[in-house]
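With chain A held as given, fit chain B onto it using these hints.
The primary structure of each chain is shown beneath.
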Amino acid sequence: MIDKRVKSLADAVQGIKDGSTILVGGFGTSGRPNQLLAAILEIGTREITIVANNATIGTDIIGDLMRARRIRKVVCSFPRGLYGKTIFDELYANGEVELELVPQGTLAERIRAGAAGIGGFFTRTAAGTELAKGKETRLINGKEYVFEHPITGDVALIKARQGDRWGNLVYHRGARVNNPVMAGAAKLTIAQVGEIVDLGVLDPEHIVTPGVYVDRLVEVKI
Amino acid sequence: MKKLSRQDMARVAALEIAEGSCVNLGIGVPTLIADYVPADREILLQSEQGLLGLGPKAEPGQEDEDIVNAGKHHVTLVNGASVFSHSDSFAMIRGGHIDIACLGAFQVAANGDMANWSTGVSDQLPAVGGAMDLAAGAANVWVLMEHCQKDGSPRILERCSYPLTAAGCVDRIYTDLAMIDMIPEGLIVRRMVEGLTFAELQKHTGAKLIIDPSCSIYG
Numbered sequence: 000m001i002d003k004r005v006k007s008l009a010d011a012v013q014g015i016k017d018g019s020t021i022l023v024g025g026f027g028t029s030g031r032p033n034q035l036l037a038a039i040l041e042i043g044t045r046e047i048t049i050v051a052n053n054a055t056i057g058t059d060i061i062g063d064l065m066r067a068r069r070i071r072k073v074v075c076s077f078p079r080g081l082y083g084k085t086i087f088d089e090l091y092a093n094g095e096v097e098l099e100l101v102p103q104g105t106l107a108e109r110i111r112a113g114a115a116g117i118g119g120f121f122t123r124t125a126a127g128t129e130l131a132k133g134k135e136t137r138l139i140n141g142k143e144y145v146f147e148h149p150i151t152g153d154v155a156l157i158k159a160r161q162g163d164r165w166g167n168l169v170y171h172r173g174a175r176v177n178n179p180v181m182a183g184a185a186k187l188t189i190a191q192v193g194e195i196v197d198l199g200v201l202d203p204e205h206i207v208t209p210g211v212y213v214d215r216l217v218e219v220k221i
Numbered sequence: 000m001k002k003l004s005r006q007d008m009a010r011v012a013a014l015e016i017a018e019g020s021c022v023n024l025g026i027g028v029p030t031l032i033a034d035y036v037p038a039d040r041e042i043l044l045q046s047e048q049g050l051l052g053l054g055p056k057a058e059p060g061q062e063d064e065d066i067v068n069a070g071k072h073h074v075t076l077v078n079g080a081s082v083f084s085h086s087d088s089f090a091m092i093r094g095g096h097i098d099i100a101c102l103g104a105f106q107v108a109a110n111g112d113m114a115n116w117s118t119g120v121s122d123q124l125p126a127v128g129g130a131m132d133l134a135a136g137a138a139n140v141w142v143l144m145e146h147c148q149k150d151g152s153p154r155i156l157e158r159c160s161y162p163l164t165a166a167g168c169v170d171r172i173y174t175d176l177a178m179i180d181m182i183p184e185g186l187i188v189r190r191m192v193e194g195l196t197f198a199e200l201q202k203h204t205g206a207k208l209i210i211d212p213s214c215s216i217y218g
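Heads up: the protein sequence lines correspond to chains A and B, in order.
Under numbering that gives the first Met the number 0, the first sequence is numbered contiguously, ending at residue 221.
Under numbering that gives the first Met the number 0, the second sequence is numbered contiguously, ending at residue 218.
By construction, these hints were calculated from the structure, which means they are not laboratory data.
Here the structure is a predicted model, which is why all the values come from computation and not from measurement.
Just to be clear, a hint being listed does not mean it is correct.
[What the hints assert, rightly or not] So the derived label-pair ranges between C-beta atoms look like this:
1. B:Gly94 - A:Pro209: 38 to 48 Å
2. A:Lys132 - B:Gln123: 38 to 48 Å
3. B:Asp211 - A:Thr58: 12 to 22 Å
4. A:Ala92 - B:Asp211: 41 to 51 Å
5. A:Arg71 - B:Gly70: 41 to 51 Å
6. A:Pro209 - B:His73: 23 to 33 Å
Where a beta carbon is used, it is the ideal one built from N, C-alpha and C, also for glycine.
If we strip away everything but chain A, and leave its shape as in the complex, we get (with noise of 0.2 Å):
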């Protein structure tokens, strides 16, 4: 019987070693998975790099990862608060925290190319400007593409409305955003979903994330 469901937070985080690069599925706070986030902070997973499209919008889980010190690198396209500055802003003052400044499609795309196996793609994105700079560059059609590689990652933590032992998902509105796509592009998939259903009960017409990308599941209702 296949049966990725497990007990608690704690087992969803098993295993999970420091230096650690882990993909984070949200905007915002809208679909990441703070409870994994959480309990990672928890176990004490240190040097993280984390893949995701914002940092911490002030207080969250994220800036509570940053306070303590858990956090060496942050691969994002939105670093800053939502509401002035945050710890990150002091962080990355002091060099001691990294930042990969990727344009928000280019992210996912990446994380696309990773999960799916291609090895990187040409994108007008960023054609002559400073995070174009070292990369290679290509004139298609007379217009400048710039090269970018895949994302992959150890850990995903990603979030979903609903979800079978099988580890199909199905998401609520915006929070989809890249969590179906940071399934595929990691090791080790965790999701955390609102509700564990039967075998079954999901549409398969419906299923966004097949579970094949899915490695283990936990139910955290909120």
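Relative to chain A, chain B alone:
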């Protein structure tokens, strides 16, 4: 002279978006546009999070944490809206399927270059978000910004001094003083606020302007 407020700039731009357009609204003044789209006009508003068919802001008590605009404010979905992944959202943006990207900016240059993500100060966090993708991928880029910086220095320049978001991407600028189109001959002023002369507008602008012979009142 009556400068336009941020709301006025959004209202004026909203009225000029044609029915059926697919539009992405960036952080700042652009997100205000959603509140001024005429009720009888169908426009598809896209959010890079993966939503097509955004409506006005959510009423108190009706907020859904997972339906937000670029500024992370709670908005609504209209009938006919669709939901898709971040990858699909940016395929839509980078594939040229967005008719108009409305963006805020620090600076715009006479050659259409735009700067809106970094002031170049090294110890401050830069934040690009989806701006580079929208600037490079949208069919048209409209910039909504104040005509001058807080210290009075111009934002419209011969060349941007801040790091670029994209080269040659801007098609139109809405400021608190004027509406300006980018045409092959340069920056043409289509409308100016009442009580402002072209000479005064030129004085507040760091690039050469052309006046449209049919230039009308802006507001």
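Enumerated hints in conflict with the structure, sorted upward: Of the numbered hints, 1, 2, 3, 5 do not hold.
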